[in-house]
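As a plain string of letters, each chain reads:
There are 2 protein chains.
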Amino acid sequence: MSNLLKVKTDFLQIDSLSLHSGKTLSPVNIAYETYGELNKNKNNAILVFHALSGSQHAAGLNKFAPSEFWSEENHVGWWDEFIGPGKIIDTNKFFVICGNCLGGCYGSTGPSSINLKTKKPYGGSFPKLTLTDLVYAQKKLVDHFGIATLHAVIGGSLGGMEALEYMLHYPVNKIISIGSCARMSTLNKIMNFEQIFAIEEDHDFNKGDYYDGNPPVKGLQLARMIAHKTYVDVVSLEQRARGEIIQEESDLKLYELMHRIESYMLHQGKKFVKRFDANTYLWIVQAIQSFNLARQYGNGDLKKAFARLTGKQINILIISISSDVSFYPEEQQEIVEALNHNKIPNTYVMVGSDKGHDSFLLEPEKYLSIREFLEN
Amino acid sequence: MSNLLKVKTDFLQIDSLSLHSGKTLSPVNIAYETYGELNKNKNNAILVFHALSGSQHAAGLNKFAPSEFWSEENHVGWWDEFIGPGKIIDTNKFFVICGNCLGGCYGSTGPSSINLKTKKPYGGSFPKLTLTDLVYAQKKLVDHFGIATLHAVIGGSLGGMEALEYMLHYPVNKIISIGSCARMSTLNKIMNFEQIFAIEEDHDFNKGDYYDGNPPVKGLQLARMIAHKTYVDVVSLEQRARGEIIQEESDLKLYELMHRIESYMLHQGKKFVKRFDANTYLWIVQAIQSFNLARQYGNGDLKKAFARLTGKQINILIISISSDVSFYPEEQQEIVEALNHNKIPNTYVMVGSDKGHDSFLLEPEKYLSIREFLEN
Numbered sequence: 501m502s503n504l505l506k507v508k509t510d511f512l513q514i515d516s517l518s519l520h521s522g523k524t525l526s527p528v529n530i531a532y533e534t535y536g537e538l539n540k541n542k543n544n545a546i547l548v549f550h551a552l553s554g555s556q557h558a559a560g561l562n563k564f565a566p567s568e569f570w571s572e573e574n575h576v577g578w579w580d581e582f583i584g585p586g587k588i589i590d591t592n593k594f595f596v597i598c599g600n601c602l603g604g605c606y607g608s609t610g611p612s613s614i615n616l617k618t619k620k621p622y623g624g625s626f627p628k629l630t631l632t633d634l635v636y637a638q639k640k641l642v643d644h645f646g647i648a649t650l651h652a653v654i655g656g657s658l659g660g661m662e663a664l665e666y667m668l669h670y671p672v673n674k675i676i677s678i679g680s681c682a683r684m685s686t687l688n689k690i691m692n693f694e695q696i697f698a699i700e701e702d703h704d705f706n707k708g709d710y711y712d713g714n715p716p717v718k719g720l721q722l723a724r725m726i727a728h729k730t731y732v733d734v735v736s737l738e739q740r741a742r743g744e745i746i747q748e749e750s751d752l753k754l755y756e757l758m759h760r761i762e763s764y765m766l767h768q769g770k771k772f773v774k775r776f777d778a779n780t781y782l783w784i785v786q787a788i789q790s791f792n793l794a795r796q797y798g799n800g801d802l803k804k805a806f807a808r809l810t811g812k813q814i815n816i817l818i819i820s821i822s823s824d825v826s827f828y829p830e831e832q833q834e835i836v837e838a839l840n841h842n843k844i845p846n847t848y849v850m851v852g853s854d855k856g857h858d859s860f861l862l863e864p865e866k867y868l869s870i871r872e873f874l875e876n
Numbered sequence: 501m502s503n504l505l506k507v508k509t510d511f512l513q514i515d516s517l518s519l520h521s522g523k524t525l526s527p528v529n530i531a532y533e534t535y536g537e538l539n540k541n542k543n544n545a546i547l548v549f550h551a552l553s554g555s556q557h558a559a560g561l562n563k564f565a566p567s568e569f570w571s572e573e574n575h576v577g578w579w580d581e582f583i584g585p586g587k588i589i590d591t592n593k594f595f596v597i598c599g600n601c602l603g604g605c606y607g608s609t610g611p612s613s614i615n616l617k618t619k620k621p622y623g624g625s626f627p628k629l630t631l632t633d634l635v636y637a638q639k640k641l642v643d644h645f646g647i648a649t650l651h652a653v654i655g656g657s658l659g660g661m662e663a664l665e666y667m668l669h670y671p672v673n674k675i676i677s678i679g680s681c682a683r684m685s686t687l688n689k690i691m692n693f694e695q696i697f698a699i700e701e702d703h704d705f706n707k708g709d710y711y712d713g714n715p716p717v718k719g720l721q722l723a724r725m726i727a728h729k730t731y732v733d734v735v736s737l738e739q740r741a742r743g744e745i746i747q748e749e750s751d752l753k754l755y756e757l758m759h760r761i762e763s764y765m766l767h768q769g770k771k772f773v774k775r776f777d778a779n780t781y782l783w784i785v786q787a788i789q790s791f792n793l794a795r796q797y798g799n800g801d802l803k804k805a806f807a808r809l810t811g812k813q814i815n816i817l818i819i820s821i822s823s824d825v826s827f828y829p830e831e832q833q834e835i836v837e838a839l840n841h842n843k844i845p846n847t848y849v850m851v852g853s854d855k856g857h858d859s860f861l862l863e864p865e866k867y868l869s870i871r872e873f874l875e876n
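Protein chains in written order, with our numbering: chain Y, 501 to 876; chain U, 501 to 876.
Any given hint could be a false lead.
Repeated chains share a single entry, so a pair holds when one copy, or any two copies, can fit it.
To be verified - Okay, derived cross-link-like pairs now, BS3-like style, lysine-lysine, Cα gap no bigger than 30 Å in a straight line:
no.	residue 1	residue 2
1	Lys628	Lys770
2	Lys587	Lys523
3	Lys771	Lys542
4	Lys542	Lys587
5	Lys639	Lys563
6	Lys506	Lys523
7	Lys506	Lys843
8	Lys508	Lys563
9	Lys707	Lys770
10	Lys593	Lys774
11	Lys619	Lys803
Keep in mind the hints are simulated off the structure, nothing from the lab. Values in this document were obtained by computation on a predicted structure and should not be read as measured data.
In isolation and in its complexed conformation, chain Y is listed as follows (with noise of 0.2 Å):
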């Protein structure tokens, strides 16, 4: 037993990797970082999936920045507060592997990689994603270290989508999804498509083929606007910012005032450029676009195409987040429901919470039921 995180950071290089579309990428690098060791019967191996605008660094300090978009030096993983040695996801009991998703700016190939053929980004060029493609890459990361089946997978958000992609294709024992869906919604549909439309649309876009000019930071910052408003508890936000404005415009002519909602809105796009790749961003959202297992898998129900988990050994924790907008419970409730139709062991559990979306990554002694569920 220790108290220090064992931290591993790497590279997987694979020679070609085939996609859903049928196009070929070659090479194809997957930046990734373990947390604790694997034991001799590879048995206690967990996949981590980071969400859409995560990184391969979830836990401890990281050592190098392996992307220009990497600026931070030494800052703290994502999701240090859930894994490490004696916390939730117990790296003196579990082998943690995180890799960054293919398409990614933090490693792995993606847009902004170079080319070999033309030695040049692939900016626009890059092949369309899907989220088979993202979970069949990071798979590649599991026979890397020869295990043949996972103890667990677990993510939220997009990585928790990735999740349950994950379990209709590979060996694994224990799946954990939160804030999460089997389809996408309407609403985030056209979300998604907002934001999509914000980058392309950007005058700096240039179909992608950007890297030598300047980069869609507009329509990337508007994206995450977009987007970022789901994430949070407007009510919270709102019972702030009320307070706030009604002290400094006392003496504000009204329309002169730069309302501090906006202000906060426009904080939270500008961070977020300096350290993502807008077309990443657009290949990722694009990919998330399409994801529809019910369709993909159940030709429209996902009652048949959860069918092909019958006889697995697999059991399956699905949590929501009781304030979550970005992902409403009832999304994650139509998995239950289609789960206990296949009579597949699962366990659902709704976290109260007042912090929306991003409750799971801030609040782990709300997400005590992952523990229990890994260990037991």
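Could you slot chain U onto chain Y? The hints should help.
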């Protein structure tokens, strides 16, 4: 009694209008239409406020195109099913006035109008407006007809906000406010800001001075899409879209698919930019953004703001739409509570609808309470 709608179309010319900001706009045109006839006692007049994307052409067939943005000849008014002989707002009984808002692009003076001093369109130099200004400009129409006290003021959405603002300043017997609010919610402020950002950051915007170049169509298109999703019922769109996608996609690769919902939204955006000026949209959204009766008239307390109605001969009808996600029923209920606190006579009606915010434009049969309220 007649079955013919009596329509008049005209402009009111105002030498000079003092704005909330302290600035003066001179001269000012207000384009308007009237329906029915003003009686001798001038006590049968109803002022209608249009919504954000509306116009003075509320009923009947239009006779002429008062602006370059008014491309469709002979199109039916936006509230034609509500206003006319024997209709909910019965033009055999009432004299109805509807003016294009100040800042508008359908003939009233706005950013696209020629500034007589420079002989060029105002563009970015057009003064910023508040809803107080918009209401004040329409009051000039009331004065023009020599009407001391209006029988009623009525409006939905933005128009409903203006109706509430009107009653705090000017004599009126009845107020009808549909699907509106007394102050912008944080969620609406955020979505308004996304729209402001989309237009202002469009490469063609040029700080509003685009009339001798290309207008910022992409920014306006995106703004319209961001707003439009809150006007309609996404659930029914979803069901329709899902059905269509399942049928159509069978032979398509997923990533090649232009989602039906995307093309629906795109169509809404494209239609809109043909008939609306981006600056007008921006100026009105900016005016809405600061709308807060509680702050402006009650030091942050809506009950205090409505205290100024005490002792006035007024009756108020507040209407919510059950499926409205643009202005949630809670926002109208806040108005009712503040009225009740001040013992101001009012009626609250919840219209059960699955059409969303746009119900008040689409389902006249559900708004018979308006007729009863106006006539009794």
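Hint numbers not upheld by this structure, sorted from lowest to highest
2, 3, 6, 7, 10, 11
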